[in-house]
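A.B. asks: Each protein sequence line maps, in turn, to chains A and B.
So the number in this note's numbering is just where the residue sits in the first sequence, counting from 1, plus 108.
So the number in this note's numbering is just where the residue sits in the second sequence, counting from 1, plus 4.
Straight-line C-alpha distance at most 30 Å; calculated DSSO-like pairs for lysine-lysine:
#: 1; chain 1: B; residue 1: LYS20; chain 2: A; residue 2: LYS157
#: 2; chain 1: B; residue 1: LYS20; chain 2: A; residue 2: LYS363
#: 3; chain 1: B; residue 1: LYS431; chain 2: B; residue 2: LYS10
Think of the hints as simulated: they come from the structure by calculation, not from any bench.
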Amino acid sequence: MAEAAQTAGAFEGLPETGPGAAFYARTRASRYGLSLADFEQILASVTGKYLPAGCAAEETRQFCASLHLDELVLARACVAANEKAWEDFLTAYREKLYDMALRIAREQSAARDLADSIYAELYGLSERDGVRVSKLASYTGRGSLEGWLRTVLAQEYVNRYRKNKRFVSLDEATEGDDGEERRSVPELRAREDAPATAPDPRIATATDEALARLPSEERFILAAYYLDRRTLAQIAEMLNVHESTISRKLEKLTKTLRKQIVGHMTQLGMSRRQAEEAMGVDVRDLEIDMRIRLQDSDGSAFPKRKANSTNAEGRKQNDE
Amino acid sequence: MPDIPKFAVDRLRDRKAASAHPEADVLNAFSENALRESEHAQVFAHLSECAECRDVLALATQGKEEQVLEPDLAFVGRDVMVAASARPVPMLAQPRFRWATLRWGAAAACAVVVSAAVLMYRGSEPAGLKRVASDAQTPQDREMVADRLRAQGGSKESASREALDLRERQPQVESLKENSRIGGSFVMPQVATRPPDLPVASPGSKQYLKKSDSMAQASGTATHRDSAYADNDKAKRLDEPRLRERVAAYEAQNGALKNETATGQTENRTVPATVTADGKDQTGVRTADKAAATAVAGGAGAGAGNAPVAAPGPSDAVASAAAPAEQKAQAVLQKTAPAKLNDEVQSSSEQVVVAPKSALASARAENQAAGGLLVRGRQGAEWSVTPVGKIEHSPGAGEPTEIVPIDPNVEFLTVTAVGTSVWAGGKGGVLYNSPDSGARWIRVVPQDEKGRLSSDVRQIEFDDNQHGQIVAGKNEVWSTADGGKSWKRK
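Taking the hints into account, I'd like the entire structure generated from these sequences.
C.D. replies: Structural data, given as structure tokens:
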């Protein structure tokens with residue numbers, strides 16, 4: 109009860125018969141046996157999580173209005189093990205869960221596995237201190253319940269299968285965060301065709317600087333497009349915008365980035381011509397060298413590097 | 005699009021993720037543009053550095069359009085609306101109106117169609133239909149009209165009204181005859197605009213496709229029904245084998261037409277068979293009884309319009325005209341002018357008895373006949389490529405044909421199914437495989453020491469689900485013996 113009083117404080121400024129009640133009336137909370145007090149407690153927990161303390165009443169009200177209240181109520185009622193709530197939840201989402209899992213896992217048995225385990229988590233098969241713990245408790249209504257389920261599925265999937273390096277795509281593009289795969293290939297190429305000249309270290313610095321100055325949205329698009337090799341449509345979907353928006357942004361972005369890099373390079377002392385040359389250099393050579401240099405702390409020029417590496421290899425083999 | 009140099013990509017990759025992974029709740033809200041500015045920017049910052057979370061986001065949002073949030077429990081509401089308005093829109097988060105845009109796009113096309121239809125009648129105002137057409141100015145109206153029309157399919161009242169309209173338009177048919185050319189686009193100019201609309205629609209809009217079809221049909225039905233049976237005989241003869249093939253393909257795949265009348269149903273099954281067997285449509289028609297004839301005529305009405313058609317454009321239109329007509333026109337025809345139609349039907353040297361179940365099915369049939377890429381040599385083929393490079397799938401047996409979304413950026417050129425494994429290839433060396441008849445698709449990139457496959461995939465042949473080959477570009481042949489995991493270039 110004391111708790112309730114405390115949390116009710118989050119609604120200071122909101123009279124009992126005010127928006128709190130208004131929101132309550134709009135949901136089906138009563139159907140699931142949630143009283144107004146329960147409801148307000150739920151709201152309080154959400155606002156407490158996402159709104160800074162001492163937030164203005166109007167902002168709180170707006171925030172609450174932006175929540176998917178009905179779905180939030182359903183979720184919390186399920187957590188409270190309300191029968192009707194579970195009925196409704198299952199009717200609406202049981203099948204969808206499987207469909208979404210199938211879409212993510214792309215393969216029947218993995219999908220079923222995924223869906224079943226998520227379902228178990230939602231249902232709260234695990235107990236903590238004698239209280240059933242349901243994942244649904246972490247849904248706060250900021251997004252749709254269906255989208256939340258999809259995200260949960262996706263997270264679980266990524267955790268399970270990516271960790272086991274199970275690539276669902278036969279595409280050559282591997283996940284960028286693991287350099288293992290990519291490292292081997294450039295090294296082979298390095299031995300085959302050594303570049304004539306060592307790459308300029310200023311290139312790396314200039315690029316870093318240019319990238320750092322980009323807003324994160326743009327870096328995100330670059331990463332999604334060039335690292336993950338996603339299509340414009342996919343990226344647009346991820347951001348819930350139109351494909352053409354992404355296309356335009358990307359185009360502007362790459363032009364700007366190139367200019368920025370060149371600009372930084374000249375700032376660092378490279379001549380205009382050098383800079384532009386660097387932009388157009390045979391990328392494989394550059395890439396190889398970049399990666400090898402990055403992995404190694406001593407930044408000696410490439411030709412020596414090669415000799416060193418073969419020596420190192422030779423030594424290593426001798427040791428073994 | 006200008007690329008960024010590879011070294012820039014590398015530097016991008018090497019940036020380390022500094023922030024913590026956002027939890028599902030936040031990530032989901034992010035993808036639905038439900039976060040506040042600052043939160044949104046934070047998530048962006050993390051995403052720009054964390055490939056794992058990007059993966060999660062991509063997986064969670066893929067194919068989202070098909071899973072348009074349905075208010076099963078009346079969840080939608082003012083909550084969402086208020087959210088949309090109360091929040092400042094983050095930089096990139098302009099609401100995506102792909103769905104809405106397409107509706108408007110095709111609604112505009114419908115408007116063109118309808119107004120062209122109206123214009124074509126040169127002043128003779130078909131009361132019922134025009135009113136219907138002109139009333140339906142907005143997409144919602146159109147759909148309502150379409151629904152109403154369909155619902156009214158069986159009612160006598162509308163039937164007689166339709167008949168009246170149709171008969172009124174008889175004199176106009178003559179002028180339409182002038183349009184007919186050999187193998188050419190006899191059909192009204194209005195429908196020339198249709199094909200791009202049909203397949204371009206986004207994945208989730210297959211229902212929408214049907215609706216827009218029915219709108220075009222509402223206007224197009226009557227015209228095609230009476231389309232000059234005395235069309236160019238030569239044209240028809242030229243197309244006969246194709247038509248037979250089309251009918252056979254359709255029959256093999258779809259079986260009986262689902263009709264409102266039982267007799268119509270039975271007859272439809274037999275009549276096409278007769279047509280195919282004899283190759284003599286007239287015979288087939290004459291031996292059928294009245295019900296059949298009318299049912300056939302309903303299809304044939306559209307079909308005769310089909311006859312001279314080789315191009316996918318008109319055929320799409322006609323096919324789509326045939327579709328809802330299947331229900332509406334048949335009811336109409338059965339009740340009002342069976343005798344007349346019988347005559348007309350018999351007088352033509354050839355009918356196409358294609359009475360498709362759905363606009364898409366018929367459109368697909370037309371595609372196939374028109375040279376759309378049919379699965380090679382497979383009876384009852386279920387997979388095909390539309391003229392604009394989308395993959396279409398007809399599960400058959402009562403299920404509607406649907407466009408299968410794989411990758412909207414790809415123009416597909418060929419599709420082959422072997423068992424439950426489906427292979428689709430397109431421009432730029434794009435190759436996709438679905439191991440489960442189209443539920444999931446995996447991008448396959450054949451490559452060998454010389455590089456990747458990058459020329460247009462023109463043909464795919466699989467003996468079983470392990471051994472197959474693809475023909476790409478100018479005689480590049482790649483083959484695989486392990487179901488696509490590794491490829492050899494010949």
